[in-house]
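Student: Take the given structure of chain Y and dock chain A with the ligands to it, following the hints.
If you're matching them up, the sequences are chains Y and A in order. With my numbering applied, the first sequence has no gaps in its numbers, which climb one by one up to 374 at the end. With my numbering applied, the second sequence has no gaps in its numbers, which climb one by one up to 282 at the end.
Quick caveat, the hints were computed from the structure, so don't treat them as lab data. Take the hints with a grain of salt, since some may be wrong.
[To be verified] Computed spacing ranges between beta-carbons, pair by pair:
hint : chain 1 : residue 1 : chain 2 : residue 2 : range
1    : Y       : Glu349    : A       : Pro120    : 17 to 27 Å
2    : Y       : Thr359    : A       : Gly246    : 54 to 64 Å
3    : A       : Gly246    : Y       : Glu349    : 30 to 40 Å
Where is the CB? At the ideal position from N, CA and C, for every residue including glycine.
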Amino acid sequence: MYGNDFASPSDAPSASPEPVEPGLEDFWRIVGEDGRIEPRDAMPEDYRSSLVRQIAQHAHSEIIGMQPEGEWISRAPSLRRKAILMAKVQDEAGHGLYLYAAAETLGVDRAELLDMLHTGRQKYSSIFNYPTLTWADIGTIGWLVDGAAIVNQVPLCRCSYGPYARAMVRVCKEESFHQRQGFEALYTLSHGTPQQHEMAQDAVDRWWWPSLMMFGPHDSGPHATAGHTAKSMAWGVKRFSNDDLRQRFVDMTVPQAEALGLTLPDPDLRWNESRGHYDFGEIDFNELFEVIKGNGPCNAERMANRRRAHEEGAWVREAATAYAEKTAARRTAGAA
Amino acid sequence: MTSRVPPSSAESPEAPSAPTRSSSENPARALADYVLGLGDDALVAAQRMGEWIAKAPQIEEDVALGNIALDLLGQARSLLTYAGSLLDPPRSEDDLAYLREAGDFRCVHLVERPGGDFGVAVARLLILSAYHCELYAALSASRDGTLAGIAAKAVKEVDYHRDHATLWTLRLGDGTNESHTRMQAALAAEWPYVEELFDGSHLDPALVQRGVAVDPATLRTAFYRRVSQVVDQATLVLPGTVPAEGGGRCGRHTEHLESLLADLQGLTRAHPGATW
Ligand SMILES: [Fe+2]
Ligand SMILES: [Fe+2]
Chain Y
39 MYGNDFASPS DAPSASPEPV EPGLEDFWRI VGEDGRIEPR DAMPEDYRSS
89 LVRQIAQHAH SEIIGMQPEG EWISRAPSLR RKAILMAKVQ DEAGHGLYLY
139 AAAETLGVDR AELLDMLHTG RQKYSSIFNY PTLTWADIGT IGWLVDGAAI
189 VNQVPLCRCS YGPYARAMVR VCKEESFHQR QGFEALYTLS HGTPQQHEMA
239 QDAVDRWWWP SLMMFGPHDS GPHATAGHTA KSMAWGVKRF SNDDLRQRFV
289 DMTVPQAEAL GLTLPDPDLR WNESRGHYDF GEIDFNELFE VIKGNGPCNA
339 ERMANRRRAH EEGAWVREAA TAYAEKTAAR RTAGAA
Chain A
7 MTSRVPPSSA ESPEAPSAPT RSSSENPARA LADYVLGLGD DALVAAQRMG
57 EWIAKAPQIE EDVALGNIAL DLLGQARSLL TYAGSLLDPP RSEDDLAYLR
107 EAGDFRCVHL VERPGGDFGV AVARLLILSA YHCELYAALS ASRDGTLAGI
157 AAKAVKEVDY HRDHATLWTL RLGDGTNESH TRMQAALAAE WPYVEELFDG
207 SHLDPALVQR GVAVDPATLR TAFYRRVSQV VDQATLVLPG TVPAEGGGRC
257 GRHTEHLESL LADLQGLTRA HPGATW
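So that you can see chain A by itself, here it is in the shape it has in the complex:
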């Protein structure tokens, strides 16, 4: 176990309580949990993507990956702000980002694992953006107006992310022998984390029935169609790997989330109550 959190913060009165299991008896809570999952995916993905700024293979990519990280961070902020408003007592985006423990996060494992080479970043972005495109397109028809609004804005952003990831998948897959090998290895490394995106077992069925949430399982076909097309065109093959266990949506995470959060939250937690 890594110890990471300054001792004071654990008892901090401002620390939001851990989200409890979704429950049909508490629709606001169930919706908050759902939105937290989406927001945490975006936040943690933005944090990982941000690591590329000043380290990219060329300056154009510092700019492009910076753009993508900013989009994801913007989505995270909208989603966390909304999730926080549904909680009792209400929480701010920063309460949720900075004062929750790893076990209270609802992101999938795909986004929390450490970045590898540029091929891994591309593979991961291809997967995440293809999923996001289907998700936000469906969610922009949500009966929940706030969620629909956030999704409608995000859908244009993630469309650009998918284009960017597609372009690089083609370049790396159909570039040199080395890039082909590396891109294939990157896909193999990321592929076990795809299925977790489409697992809706954590989700309150009432939210889906009411047309508020999207059952992620319904996005799977379109996702695979799109991604396999790109992979094919890039002269790569879809890996046949066994899905990893998952559990991020229920707060079971890889050990990497702990260290990511130590970095993200450390300064804020060292100054309880301060404004920045």
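Okay, chain Y solo, but in the shape it has when bound:
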């Protein structure tokens, strides 16, 4: 989710071998040549449905992800930070729009997908079920959460489905902007008053492990055939395993934490000369699966807010539709 597609083990489908279907020769050739599948091209039904689910979950994540940060727009501690945060949250709404549009090229419509979100049949990234307790959470989310999203999403810019790949190019540009802004906001706190530094450290302590969980469960080594990874890789949607992406994120982030003057809450975190990577501690995936199942600290609140916005907006959307119909009818009557 959030560019990475996984579910809790209980609802993960078993990976079945791809049936050889006639008429899909072009599909497999394009995928084999690392080309792009476009909406009109023939594609396996489970490629289509799996992409719909992945893109929709990604879109839902952008939209739900507006909430934890949106809560701080009114309280941002300077007008400059307020403007940056407003623009960031607005960008996330824009990401949602690109992604719903990409999903719509696969023959679903946004209203349907939103309904799946509102009724809990589709999920969003669990990272947004954690609360934003202090202002430092805003910088930390930009640095770690947008940072992890970039690591997940950069390979998707080359994914086999054209509309998704193109949406990801736009999204990634903005996410890297968010990541730098988050880093800069956190740097200011870390080098500010002792209370500000403490606030920054506390936020990083709370967000570090959930950020690592954004990459999903283990899917390399003995776990390689679990979940969607194997299929998704054969389709050219997924390029790297969850574990590889997570390692890339850790390797990238540790030096940044040092530059920030903040520590990461993992006693096992250390450079491994022979691997050429940082080793890190065991992730508590039980926590992740609990949050996915709906037992995270903010699941209920995020969904209630989303449903409320949607329900309270129903009369507005109905009015827009009615007005569009009236004006179209008037135009026809005028032309007749």
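Tutor: The following block gives chain A with the ligands in isolation, referenced to the frame of chain Y:
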């Protein structure tokens, strides 16, 4: 009375002094007060508009209202920065936004009242943007170069705000029965706060004579012409409500400004002297 401000901030040496009454003997102060009024309108309107982000009826509106809030915030920042530079000692935009008491704010009541449904947001934006269009168009000819520059940039932004508000007024007014009823109710709720926009009694006449400030009363005719056209086309009627008392330009506010500022200023005031 609500208590809202951490006790330390009241005596904070950095807290700017309350703007005094405009005075022809102190032209910089009179101009600062005028610019503060414009800046506070934009700041408080941006704060209210920002409340819609992540709560709008559709995602396109999260984006559009976010854009409008950002424009208003940008205008507020330019205006407050300029107002602060005219004060002695000078104040930053953040000093003015975060360290003044409600009674030192100069915004009109229209912008400070809590948001209602989407119809209220549209009605309020229609009123504010139509006023802003006339105001900034006139102000871009100000003899004060800084003010003219800020207005010239803002006039393009508020033109988009007015288009957006117009589009939604039409959709809601001429949409369904429910939306028509709601939009008419929203107009009725906001209308008492229109007249305060055109009250220039707080304004130092010398500023207007020197071609620096715009007498808001001169904007009234064009405003009503434009808004009544939109309201008419939307199959709505202009409410005949009695104007509310007003007084925002002199620092008399609704109780809602207090709670808005508690939210806006709370974190900053809890960390005196910190940079963010
Ligand atoms: Fe995003
Ligand atoms: Fe982002």
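Student: Does the hinted range 54 to 64 Å hold for Thr359 of chain Y and Gly246 of chain A at CB?
Tutor: Distance hint for Thr359 of chain Y, Gly246 of chain A is violated at roughly 31 Å.
Student: Given the hint of 30 to 40 Å, check if Gly246 of chain A and Glu349 of chain Y actually sit that far apart at their C-beta atoms.
Tutor: Cβ of Gly246 of chain A to Cβ of Glu349 of chain Y: about 33 Å, so the range 30 to 40 Å holds.
Student: Lying within 17 to 27 Å: is that true of the beta-carbon distance Glu349 of chain Y to Pro120 of chain A?
Tutor: 20 Å, holds
Consistency note: the structure conflicts with earlier hint 2 alone.
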